[in-house]
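Chemist: Chains A and B, in that order, give the protein sequences. The first sequence begins at 1 in our numbering and counts up by one. The second sequence begins at 1001 in our numbering and counts up by one.
What the hints contain is simulated information worked out from the structure, not anything from laboratory work. These numbers were taken from a predicted model, which means no experiment stands behind them. Just to be clear, a hint being listed does not mean it is correct.
[Claimed, not checked] For lysine to aspartate or glutamate, the following EDC-like pairs were computed, each having C-alpha atoms within a straight-line distance of at most 20 Å: (1) B/Lys-1058 / B/Asp-1042; (2) B/Lys-1025 / B/Asp-1080; (3) B/Lys-1024 / B/Glu-1063; (4) B/Lys-1366 / B/Glu-1462; (5) A/Lys-200 / B/Asp-1202; (6) A/Lys-200 / B/Glu-1176.
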Amino acid sequence: MALAAKKPAAGTIAAGKPAAQKALARRSEKAGAKTIAEFSKAEELAAYREMLAIRRFEEKAGQMYGMGLIGGFCHLYIGQEAVVVGMQLALQPGDQVITGYRDHGHMLACGMDPKGVMAELTGRRGGYSKGKGGSMHMFSVEKGFFGGHGIVGAQVSLGTGLAFADAYRQNGNVCLTYFGDGAANQGQVYESFNMAELWKLPVVYIIENNKYAMGTAVSRASAQTDFSRRGASFNIPGEQVDGMDVRAVKAAGERAVEFARSGKGPYILEMLTYRYRGHSMSDPAKYRSKEEVQKMRTEHDPIEQVRNRLLEKGWATEDDLKAIDAEIRETMNAAADFASSDPEPDVSELYTDILR
Amino acid sequence: MPVEILMPALSPTMEKGNLAKWIKKEGDAVKSGDVIAEIETDKATMEVEAVDEGTLGKILVPEGTQDVAVNTPIAVILADGESAGAIADPAASAKAAESAPPVAAAPLEPSPVAASAPAAPAVVNSAVASPPQPAALPEPDVPEGTEMVTQTMREALRDAMAEEMRRDGDVFIMGEEVAEYQGAYKITQGLLQEFGARRVIDTPITEHGFAGVGVGAAMAGLKPIVEFMTFNFAMQAIDQIINSAAKTHYMSGGQIGCSIVFRGPNGAAARVAAQHSQDYTAWYSHIPGLKVVAPYTAADAKGLLKAAIRDPNPVIFLENEILYGHSSPVPKLDDFIVPLGKAKIARPGADVTLVAWSIGMSYALKAAEELSKKGIEAEVIDLRTIRPLDIDTVIASVKKTGRCVTVEEGWPQSGVGAEIVAQLVEKAFDYLDAPVLRVTGKDVPMPYAANLEKLALPNVQEVVDAARAVTYR
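This is chain A alone, in the form it adopts within the complex (with noise of 0.2 Å):
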């Protein structure tokens, strides 16, 4: 695979133009050639389930939202469900994950507990965080999950900080850290590129670029609006990703992570996707139409992309699919009800856990 990255690349779409500097073109990917690496049956299936237990897991803290069980901030990842599911099959054990705060599909992609993550949602004391951290802020130290962060771009030195670990350990592990278009835009983002290049730090750099920094336009707040070359002023190859086809955000990952994993130094993915809802519970997304949120979900749906692979090479039937669908949505109403049920922490927590 370490060869592979500097191949045209399986299942990109529209990269930027060929750098400047020669290395960095050798680099980059010029993508165009929608050749796609396909999956195999079990590989559609797990990704299916995987994509849609996120939905549904989104679907229920929603609702549980809007019944006063959920509090604060809620940000939801519907639509952008196969960023993750992807780039987690390129992960080996050991490896780590980190984000900002739209972090509920992270956290399930990883392997967290829906329970725990629901639980956290509702601040009670089987909550990943012991309801102490709520939404934007729930870790999995078993499952490498280092949050979930509130505080935007923040997320990015310390996942450089994580594959810093890895390097000093030499470990051979990859920190995936994941940011969004608006994020992408502070300044400690580049400071830590700057590092990651200049220590060959293995990690991956995942900017999931779902068009609107909260209500802002991607063109109207980036100067540079394709964020894969984000890093080339740091020699740091990068390639734009369909992120709505999860084959596509599969092939990349296994390219960038090799590439980081084998000590070349960090690695940009940019991926174009999209999220359905508003940037978080109470946001209205009057600044785009529903014309567009339309289109994107009749044409690029992510879990409809696989469901339709599915039925039209007859590896599951529409009965199949439904089994697979009423399995999670009670995987998820046992997550909900356990959320709702748990009781909220001992009031002697408030003092627990600010010291070790």
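Chain A is already provided as a structure; the job is to place chain B on it using the hints.
Modeler: Chain B only, in chain A's frame:
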């Protein structure tokens, strides 16, 4: 007119230096720009260039002389046609130095070092520059009979880091100029040579970024020491320190720890003005999830830094540039640890309690000496750790004295002194015989002008006055 060359100040806080080497000899022709001598400070060896042209008429301070005070005449340059006989009496030179404004306006010393310098060769008695030591009282953290060695705080800090890095492979240091340059203030001198570039890491000038990288590495279980060249620059990184380092353990329900030390000089140096002279003690002491340490003696600096590195929590370790070069006894022990969160009675007394830490201790201890001459015995408490605050030691003292004055370089509003006053009112009101007074930095940005800077900082007289006010004497 023969021209005197004076011992130059080569850094904002330099008070004295060693005359390492004369490059020019008596009788040599000197052009402006010629290197004539090498001066050694505790931070570096620097070259002295001639400004005037002529002949090096006389060397007043021989090479190898230690501790030459800034502004001491070190040589005389003769213009064409002048003879060595024209060189004035050295006593007159010393007088000239005396009348010059103090170059190293060290806030520590009310009387500038230059003024006390005798005629050349000027050797400052090191006792003058060293802070008063609480020698009368045994160190509570040191076993009786332990051999003590005199070290500068700079050496003590370096030794603490080196010892902990030898002990634990997860400990590393990162920051600007910590490796190749040997530390902007030479605190990391020799560490690169001993531990290599993997563990002694020069960062770009990128405080926000490298603070975050350090916190991320700590979340993964490493134990970083992050040096800020000064804490003024940590303002760039304060989000990572507070929102990531201090809060994540709580927000993760105890899952994610952050064993990290942020260290560097804090507070006013000398003549570096408002953006480079600020005391952040109160800022960080406000934050649950942080520990805040500020040592005064070399021994405490060593023992506390070792404890801070081992502590599983984020520790803000506030050093003081002016104290870096000051020497005091450090116990010669294989593993000397001073526990965090414990104040120390630096001088016992029954009449009034003075509470200070870091360089504030120098005002408090000198004031205690002055007060003693007036028959007022002050008990001086060195907080050492500001968070968690050892208020019990303060209260126990106040129960004895009934009076208290706090001393800090920081601003008055919401300062550490304000917190001590509030806690005394809440917890020891019945024992107080007078209002608690605060001596603080003035409520202004730090001015550059020497006279204004001196006014903006606390001084010994203010502490004496406050103590007399609360003792009604």
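Chemist: Need the status of pair A/Lys-200, B/Asp-1202: alpha-carbon distance at most 20 Å?
Modeler: Measuring from Cα to Cα gives roughly 14 Å; hence the hint holds.
Chemist: Given the hinted pair B/Lys-1025 and B/Asp-1080, is their alpha-carbon gap at most 20 Å?
Modeler: Measuring from Cα to Cα gives roughly 17 Å; hence the hint holds.
Chemist: Would the hint linking A/Lys-200 and B/Glu-1176 be met if the CA-CA limit is 20 Å?
Modeler: 19 Å, holds
Chemist: Does the alpha-carbon distance linking B/Lys-1366 and B/Glu-1462 stay inside the 20 Å limit?
Modeler: Satisfied, since the Cα-Cα distance of roughly 11 Å is no more than 20 Å.
Chemist: Need the status of pair B/Lys-1058, B/Asp-1042: alpha-carbon distance at most 20 Å?
Modeler: Cα-Cα ~27 Å, so violated.
Chemist: Verify the proposed pairing of B/Lys-1024 with B/Glu-1063, using a straight-line Cα cut of 20 Å.
Modeler: Within the cut-off at roughly 11 Å; holds.
Going through the hint list in order, the structure does not satisfy hint 1, though it satisfies all others.
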